[in-house]
Amino acid sequence: MAGLAARHLLGLAEMEAEEINLVLETARPMAGVMERPIKKVPTLRGKVLVTLFYEPSTRTRVSFELAAKYMGADTVSIAPATSSVVKGENLRDTVQTLEALGADMVVVRHQTAGVPGQLAGWLSRTVVVNAGDGMHEHPTQGLLDLFTIREEKGRLVGLEVAIIGDILHSRVARSDIWGLTKMGARVRVAGPATLLPPGLEKMGAQVYHRLEPALEGADVVIALRLQQERQRQGLLPSLREYAASFGLTPGRLALAKPDVLLMHPGPVNRGVELAAELVDAPCSAINRQVTNGVAVRMAVLYLLLGGG
Amino acid sequence: MGGNASGMPVRPGQVIFYLHFRGGSLPLVEKTQIMDADTMRRSLIRMAHEIVEKNKGVKGLVLIGIRRRGVPLAERLAQFIQEIEGKAVPVGILDITLYRDDLTTLSYQPQVQQTEIPFDVTNKVVVLVDDVLYTGRTVRAAMDAVIDLGRPRSIQLAVLVDRGHRELPIRADYVGKNVPTSRKEVIAVMAQEIDGEDKVLIKEKPD
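Top to bottom, those sequences are chains G and Y. Numbering-wise, the first sequence is residues 0 to 307 according to numbering that gives the first Met the number 0. Numbering-wise, the second sequence is residues 0 to 206 according to numbering that gives the first Met the number 0.
The hints are simulated quantities; they were obtained by calculation from the structure and are not laboratory data. Since the model is a prediction, treat every value here as computed from it, not as a measurement. Every residue gets a Cβ at the ideal spot worked out from N, C-alpha and C, and that includes glycine. Any given hint could be a false lead.
Claimed, not checked - Below, simulated SDA-like cross-link-like pairs (lysine to any residue); rule was C-alpha separation at most 20 Å, straight line:
1. G:Lys39 to Y:Leu148
2. G:Lys68 to G:Pro41
3. G:Lys38 to Y:Met142
4. G:Lys39 to Y:Ser181
5. G:Lys39 to Y:Ala171
6. G:Lys38 to Y:Asp143
7. G:Lys38 to Y:Leu60
8. G:Lys68 to Y:Leu102
9. G:Lys39 to Y:Thr103
10. G:Lys39 to Y:Asp119
11. G:Lys38 to Y:Arg150
12. G:Lys39 to Y:Thr121
13. G:Lys38 to Y:Asp172
14. G:Lys38 to Y:Thr121
15. G:Lys39 to Y:Glu196
16. G:Lys38 to Y:Glu115
17. G:Lys68 to Y:Asp100
18. G:Lys39 to Y:Asp100
19. G:Lys38 to Y:Pro151
20. G:Lys38 to Y:Asp119
21. G:Lys39 to Y:Gly149
22. G:Lys39 to Y:Asp147
23. G:Lys38 to Y:Asp147
24. G:Lys39 to Y:Arg139
25. G:Lys68 to Y:Leu148
26. G:Lys38 to Y:Pro71
What the hints assert, rightly or not - Between beta-carbon pairs, the in silico distance windows are:
27. G:Lys38 to Y:Pro179: 49 to 59 Å
28. G:Gly183 to Y:Gln110: 41 to 51 Å
29. G:Arg124 to Y:Gly56: 51 to 61 Å
30. Y:Gly85 to G:Pro266: 18 to 28 Å
31. G:Glu150 to Y:Phe118: 17 to 27 Å
32. Y:Gly85 to G:Ser56: 54 to 64 Å
33. Y:Arg67 to G:Glu150: 21 to 31 Å
34. G:Val278 to Y:Glu74: 38 to 48 Å
35. Y:Thr121 to G:Glu150: 24 to 34 Å
36. Y:Gln81 to G:Lys38: 26 to 36 Å
Generate coordinates for the entire structure from the input sequences, incorporating the hints supplied.
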């Protein structure tokens with residue numbers, strides 16, 4: 000395996016298992032760099048990374064910026080609300096301007112699925128990384144979830160992974176399902192029927208309409224944030240009812256294996272999809288996911304920008 | 000079996016090695032063997048003695064092997080030093096990929112491996128160990144990497160083979176064998192732990 004086949008990182012659906020494995024293998028030494036007193040290597044000195052986020056984010060944006068800085072690259076962050084976007088500049092002009100300004104990589108988050116792929120087609124030199132596009136994919140979150148599971152469990156093959164909650168709106172769920180199935184894990188998804196999109200079986204997941212059977216004997220449980228900003232009318236009777244039927248509680252989690260690993264892509268709606276006390280429970284890897292996210296993004300930056 | 004990927008004729012019994020790149024491979028022709036298991040062992044024992052002599056013992060001494068073949072050599076040096084002085088010397092493993100200065104010009108992308116240095120290098124005498132000293136660029140990268148981990152009292156360099164052609168002002172403190180080479184040649188150090196046998200070969204890239 001000499002590197003990634005594609006020039007851009009748009010989704011896990013397009014990646015081979017071997018490429019995913021290369022990212023995970025590269026992330027381990029990157030985690031080692033983060034443990035040092037001086038968290039900086041000169042590998043990407045002189046490279047410029049631009050974050051272009053059309054949707055709010057704390058952890059993903061900061062995670063990419065720290066990853067770039069630890070690798071020696073420079074970062075510029077663009078908030079569309081304070082950029083020429085409000086003057087009516089279209090996406091194509093925006094990214095081509097960034098390319099002309101010398102950006103080596105644009106990390107983009109957009110409310111519309113497929114935008115990163117479209118940007119990639121408009122750029123001749125600049126590399127595009129998808130940091131979440133609509134309800135499509137969030138590949139670096141998928142990769143950091145795979146990395147976290149493999150670090151904690153020592154393997155991915157044969158694990159039973161339950162992804163629960165608002166699957167419909169979750170680009171994380173899609174990236175996770177693609178990645179986990181390619182790496183040999185078995186994926187179960189559970190949520191209210193209105194939040195289960197069609198086509199999940201085709202992606203290789205087993206679909207449940209109740210939480211309990213999906214949790215039974217699971218090695219890993221990934222709880223998803225109920226995306227209240229995307230809920231249309233009629234999908235949920237009420238928040239309370241959702242929490243009562245699909246909220247993860249210590250009692251429900253006890254159905255999973257005794258050494259279950261609990262994950263959540265964040266931010267958590269405490270008391271909605273996840274009981275507040277579970278967030279900091281010993282089985283929770285939620286904070287380690289955040290730390291691992293930086294290492295995985297360092298690996299992605301190296302593999303896409305590190306020459307060769 | 001009259002040829003190979005490059006179309007060069009092959010004599011019966013001639014060993015062909017391939018240097019693999021993304022997008023192709025370059026055949027290497029074996030020319031001569033310059034060290035065998037015995038000469039390698041004797042050289043390493045002598046280097047172990049020199050390391051102990053120069054540093055007047057092993058106090059504050061640590062060995063750091065540069066991936067890949069510097070690692071087994073560092074471990075063997077540590078073992079010989081222990082036999083000489085009766086004291087264990089810590090051994091670390093250094094991957095220099097993130098410090099390379101040629102990443103943008105390589106035709107392939109090297110895989111980043113784990114650096115495992117389970118001790119603080121500050122105020123230590125660090126002996127870097129590698130198999131071959133050539134341009135000096137690997138050693139430059141290794142020194143930068145070590146200095147990012149702390150402030151060693153000094154850094155010394157031990158190599159099994161010094162083949163010349165330096166591009167930086169770097170020299171080795173301990174050398175197993177000096178071998179004059181041409182730039183067309185490749186020095187292949189093989190170590191039991193990685194390659195299943197101990198020997199050093201000179202190979203040649205075709206014109």
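Here is how each hint holds up against the structure:
| no. | hint | result |
| --- | --- | --- |
| 1 | G:Lys39 to Y:Leu148 | 10 Å, holds |
| 2 | G:Lys68 to G:Pro41 | 9 Å, holds |
| 3 | G:Lys38 to Y:Met142 | 17 Å, holds |
| 4 | G:Lys39 to Y:Ser181 | 37 Å, violated |
| 5 | G:Lys39 to Y:Ala171 | 28 Å, violated |
| 6 | G:Lys38 to Y:Asp143 | 14 Å, holds |
| 7 | G:Lys38 to Y:Leu60 | 25 Å, violated |
| 8 | G:Lys68 to Y:Leu102 | 18 Å, holds |
| 9 | G:Lys39 to Y:Thr103 | 19 Å, holds |
| 10 | G:Lys39 to Y:Asp119 | 17 Å, holds |
| 11 | G:Lys38 to Y:Arg150 | 15 Å, holds |
| 12 | G:Lys39 to Y:Thr121 | 18 Å, holds |
| 13 | G:Lys38 to Y:Asp172 | 30 Å, violated |
| 14 | G:Lys38 to Y:Thr121 | 17 Å, holds |
| 15 | G:Lys39 to Y:Glu196 | 38 Å, violated |
| 16 | G:Lys38 to Y:Glu115 | 15 Å, holds |
| 17 | G:Lys68 to Y:Asp100 | 18 Å, holds |
| 18 | G:Lys39 to Y:Asp100 | 16 Å, holds |
| 19 | G:Lys38 to Y:Pro151 | 18 Å, holds |
| 20 | G:Lys38 to Y:Asp119 | 15 Å, holds |
| 21 | G:Lys39 to Y:Gly149 | 13 Å, holds |
| 22 | G:Lys39 to Y:Asp147 | 8 Å, holds |
| 23 | G:Lys38 to Y:Asp147 | 9 Å, holds |
| 24 | G:Lys39 to Y:Arg139 | 17 Å, holds |
| 25 | G:Lys68 to Y:Leu148 | 17 Å, holds |
| 26 | G:Lys38 to Y:Pro71 | 28 Å, violated |
| 27 | G:Lys38 to Y:Pro179: 49 to 59 Å | 43 Å, violated |
| 28 | G:Gly183 to Y:Gln110: 41 to 51 Å | 21 Å, violated |
| 29 | G:Arg124 to Y:Gly56: 51 to 61 Å | 56 Å, holds |
| 30 | Y:Gly85 to G:Pro266: 18 to 28 Å | 58 Å, violated |
| 31 | G:Glu150 to Y:Phe118: 17 to 27 Å | 23 Å, holds |
| 32 | Y:Gly85 to G:Ser56: 54 to 64 Å | 58 Å, holds |
| 33 | Y:Arg67 to G:Glu150: 21 to 31 Å | 24 Å, holds |
| 34 | G:Val278 to Y:Glu74: 38 to 48 Å | 44 Å, holds |
| 35 | Y:Thr121 to G:Glu150: 24 to 34 Å | 29 Å, holds |
| 36 | Y:Gln81 to G:Lys38: 26 to 36 Å | 34 Å, holds |
In the structure shown, a violation is registered for the earlier hints numbered 4, 5, 7, 13, 15, 26, 27, 28 and 30, in ascending order.
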